[in-house]
Amino acid sequence: MIFLVESLGTFFQDLISSRMVQYAVIAGITVGVIAPLIGTVVVIRRISFIADTLSHFSLAGVCLGVFLSYALAGTGFETYLSPLVLGVVFSIVGTLIIEKLRNYYHNYKELSMPIVMSLGVALSGIFIALSKGNANNVTNSLLFGSIYTINSADLISLIAIAVLILTLGILYYHKIVVLCFDETYAKISGLNVRRMQRIITILLALFIAVFMKLVGALLIASLMIIPVAGSILMSNSFKSSIIIAVIISEVSVFAGLIGSYMLELPTGSTIVLTNIIIFLFIIIFKRTSRSIKKA
Amino acid sequence: MRLSVHDLTFAYTQKPVLNKVSFSLETGDFLAIIGKNGSGKSTLVKCLLGLLKVPNNTIFLDDADINSMVKTTKIGYVPQKADFNIEFPITVKEVLTSSYQGKRDQSFTSIINDLEINRFYYDNINCLSGGQLQRIFIARALLNQPKLLILDEPTAGVDQSNLLGLQEILKKLKNQKITIIMITHHLEFATELADYLLHLDEILDYSFEKVGEGV
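Here the protein sequences line up with chains Y and R, keeping their order. Under the working numbering, the very last position in the first sequence is 295; numbers go up by exactly one each time. Under the working numbering, the very last position in the second sequence is 510; numbers go up by exactly one each time.
Just so you know, these hints were derived from the structure itself, not from any lab. Hints are not guaranteed to be accurate.
[Stated by the list, open to error] Label-pair distances were calculated between CB atoms; the ranges are:
1) R:R414 <-> Y:S17: 57 to 65 Å
2) R:S424 <-> Y:I202: 34 to 42 Å
3) Y:R195 <-> R:D302: 30 to 38 Å
4) R:D400 <-> Y:S17: 52 to 60 Å
Note that the coordinates shown come from a computational prediction; the quantities given were computed from them, not determined experimentally. Yeah, the Cβ is synthetic: ideal placement off N, Cα and C, and Gly gets one too.
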């Protein structure tokens, strides 16, 4: 108990004095709001697996960036081909490949996703190998994230994407609700469903590529999906499902930030584990309340 | 809204589902489409809604080719069963306000009142009965003041009291000079309300008649 209080005290002291902790907290608050917002659309449109696929494909872009920064060191080109930029490019290219491959099938459209995901993982392996050991120190943070290592440039990118997603979400809120609820009606009422779907996927790709640094390629999709998986079990309305998902997400982010800082654990893993613990509590609560109602 | 269909032939693969169907309706006409399952009723409705691509110069809405029209909210559609996810948390209010393309005004409130939706306006849509859901989908179709209303089997699974309620609603709409097209298996219900009957046959034949002149 004393250890906990002392560690908590240290965390808050560092929050005041350390820029690293301040950046991590701001990034955490941002991802805590944006991940469930975009996650709600992803879950309800049943494209959760696209998120996972894109994070793995985006990883290949980041790995290519790491390789090029080693291979092109000193030429000046490495600044234009940063891992972040290539991660974004690969993430968007991944959405286009998924879309193209889907057209080749009528009943097996989902096949496009494991193919793109495998391609991403395979390319990542090759780019890491080509980096000849230079990527070893970044591989761990690519896979599991390192929220405490983000710099001011990272923070600006995160906030810019967050503002873009938030603005579009507010402007097109009603259209998004119609699209999520009844796609046929959306088409009849004149919504360009195809264009909206494309914009959603591109925003998803941008989000994944830019926010991947916080919790890693393996966990970024879970940050979007698990809070929503819990919130839709508890909500009566679309709006309340978003609010509950944001609350679950923020609680997980703060528990993860503080917990990992105190116990020296990977932050991404701690955040996702907290998310899953909350999700399990919701399942137990739902089950118990259903049994009480039956009795 | 005037509607005319000229020699409409439609096939999903090689075998046609509709073969040279032609008919026309004037503003305020009520057409009932009847026919067995697989006779092409839903396909015809999907063509009219612009969900299926039809050849040029086959469907005209107020003299404009449907293929050259920008989709608007002039067509209201009431599905037999909405294609929505049962686990999606959404209230009646959210369904209706998100579908309404204007500021909430008197017309919005009067549709809610006329269809007696107030009682379950804030409820989750998944807690509602079939009759209540149908009223929501009718309200949603009417919110943007459509000139053509298409109803896909609104009588399916509806009990007698809800059927009478539906009849009253449709009579009111007919008086408002909205052109109405309704798919139904309920011939008695259809002849009571409709001005015309379009009977589609599985063998790709059809008949279009004024009610009382042949059926």
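Verification of the hints:
1. R:R414 <-> Y:S17: 57 to 65 Å: With Cβ atoms ~58 Å apart, the hint holds.
2. R:S424 <-> Y:I202: 34 to 42 Å: Because 40 Å falls inside the window, the suggested range holds.
3. Y:R195 <-> R:D302: 30 to 38 Å: At 33 Å between Cβs, range holds.
4. R:D400 <-> Y:S17: 52 to 60 Å: 56 Å, holds
Violated hints are absent here; each numbered hint is respected by the structure.
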